[in-house]
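**Student:** What follows is the residue order along each chain.
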Amino acid sequence: MHKYILRRLLMLIPVMLGVSFIVFTMMYITPGDPARIMLGESAPTEEVEKFREELGLNDPFFFQYGRFVKNLVIHQDIGRSYTSKRPVTIEILSRFPNTLKLATLGIVVAVVLGIPTGIISATKQYSIFDNAAMVAALLGVSMPNFWQGLMLILLFSVHLGWLPSSGFSSYKEMILPALTLGTSSAAIITRMTRSSMLEVIRQDYIRTARAKGQTESVVINRHALKNALIPIVTVIGLQFGYLLGGAVLTESIFGISGVGRLMVESINARNFPVVQGGVLFIALTFSIVNLMVDILYSFLDPRIKSQYK
Amino acid sequence: MADVKIVKKKRSQWMEVWRRLKQNKAAMIGLFIIGVLVFTAIFADFIAPEGYDDQDLYRRFIPPGSKHILGTDHLGRDILSRIIYGSRISLQVGFIAVGIAAVIGGTLGAVAGYYGKRLDNMIMRLMDILLAIPSILLAISIVAALGANLVNVMIAVGIASIPSYARIVRASVLTIKDQEFIEAARAIGADDFRIIIKHIIPNAMAPIIVQATLGVASAILSAAGLSFIGLGIQPPNPEWGAMLSAGRYYIRDHWHIATFPGLAIMITIFGLNLFGDGLRDALDPRLKN
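As they're listed, the protein sequences go chains A and B. Residues 1 to 309 (UniProt numbering) make up the first sequence, in order. Residues 1 to 289 (UniProt numbering) make up the second sequence, in order.
Derived by calculation from the structure, the hints in this document are not laboratory data. It is possible that part of the hints are untrue.
Residues of chain A placed beyond 12 Å of chain B at every Cβ, according to the derived structure [stated by the list, open to error]:
| hint | residue |
| --- | --- |
| 1 | Arg7 |
| 2 | Phe51 |
| 3 | Glu54 |
| 4 | Asn58 |
| 5 | Val69 |
| 6 | Ser170 |
| 7 | Arg303 |
Label-pair ranges, simulated between beta-carbon atoms [unchecked claim]:
| hint | chain 1 | residue 1 | chain 2 | residue 2 | range |
| --- | --- | --- | --- | --- | --- |
| 8 | A | Pro97 | B | Tyr250 | 25 to 35 Å |
| 9 | A | Val112 | B | Asn121 | 39 to 49 Å |
| 10 | B | Gly147 | A | Ser94 | 23 to 33 Å |
Glycine included, every Cβ here is placed at the ideal spot set by N, Cα and C.
Between the sequences and the hints, there should be enough to build the whole structure, so can you do that?
**Tutor:** Right, here's the structure in full:
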């Protein structure tokens, strides 16, 4: 198991190098001269040219990329923000707690809504509840979350006045963003839980459990759900990763100061180091979350654990 | 009297799929929504009451009513007309982005699956790298690099979804390539290109079609998301996400500006998802629960 985890962690290195290459290339081809951006439009051309030389921007592409990777690996340095002049790592790490908190709350909403709904839908297949839940889930998947966020603000902030429309410091302020971010994941988890449960419920060992006289709740929770969990956990893990990346829209609606919003601001300001750092950071987090999900499998299913050896 | 032999006409595979699809009410509702959308996009010039950019500052913020069914926006433009014209952009983005992703991703997946070994390893590791970046973030970075306009949004959304097509096609190819009919084709002298194009791709079509239908929905959503944060289609083009974004600043007093473009997106995605789900069940009834 340890060997497996180590191997997977080592595999992250080429992936992250690849991500860094893609991100670096994209920012390299983006129009706009970083030296000019940092010094301002009114700076004299000679000064800009001197600064370009200092920053190494006149060096060949691969030379620049090599330096970028060297700084990244040896000094964990992605550069400095053009606007605030602070190190990018500090900029990102100061915003990350909000993004992580938002994604975590989003996935909690998704799990709390999705799994019970999926289970009830599966146990009462084709009932009114099941049909209504499936239509609701499909609507949930179809609804753009930025629109849903606005509609929630319209209802709960503007009309009812119950919840604030922006901010992210108190629990009251977190409800709408969490609902906005979590709804589509809740819909996906509902659908996955339902189909996974339906598959398991038809198995012989469920019939055996019932025949032994187990109560329905034991049959569903102990026998069926536990065996149906693998695909559900996969989806939850994947969704959590997507929520970390997809939080950008929710952050922008509710004015939450997270990594996603920082990236959009940086793109608009042509603040390339922050964009590069942001993508790298989210990609790394996303990959680690996926690895953790894979490790979690072995606790859910001992058969998988034996394969890891 | 000669014996009369009743021969049941054999249906083609696609006729069989269509028959199953027709029995699925939800899929038919989805198809109807898609049909209405395509019709609206094609005949927008005849259906829309006004042009999408007809401004009149004397009639700003008119709520929905008999004269302007969905009201007017902050520049006095008719929202219904803009939504109708917007269907063109959404469909274009959806289909072209999926086209880019399916062709490039499909080819990479087919080559990786068919040739295997080092080529497979190389292509799939590249896909792993792309998959490590959440798709919306990848699309945002690509648009940032290329510039925000319709074509670049299509390219960005398309590239961001290449890995999913590559994976699906590769998986299908892996199951098909060792079957006897491929061996037979090789035995009669068919070259690799012919085997992939004529024999493997047609047999791997089912999952690609399902992924493409659902992919159009997510492409439209991604493009709208990009426009919402100002990195997509630029004004005055009537893109639904951009309309929604412009309307959000007035949501406290004029709810209708942001509400209707969002509804248009939701109904479109809903239709595509209904149809995509139905198509998946019709193409592979084993998957249906």
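**Student:** The structure should be examined with respect to each hint, and the outcome stated for every one.
**Tutor:** We went through each hint and held it up to the structure:
{"no.": "1", "hint": "Arg7", "verdict": "14 Å, holds"}
{"no.": "2", "hint": "Phe51", "verdict": "22 Å, holds"}
{"no.": "3", "hint": "Glu54", "verdict": "24 Å, holds"}
{"no.": "4", "hint": "Asn58", "verdict": "20 Å, holds"}
{"no.": "5", "hint": "Val69", "verdict": "14 Å, holds"}
{"no.": "6", "hint": "Ser170", "verdict": "21 Å, holds"}
{"no.": "7", "hint": "Arg303", "verdict": "22 Å, holds"}
{"no.": "8", "hint": "A/Pro97 with B/Tyr250: 25 to 35 Å", "verdict": "32 Å, holds"}
{"no.": "9", "hint": "A/Val112 with B/Asn121: 39 to 49 Å", "verdict": "41 Å, holds"}
{"no.": "10", "hint": "B/Gly147 with A/Ser94: 23 to 33 Å", "verdict": "30 Å, holds"}
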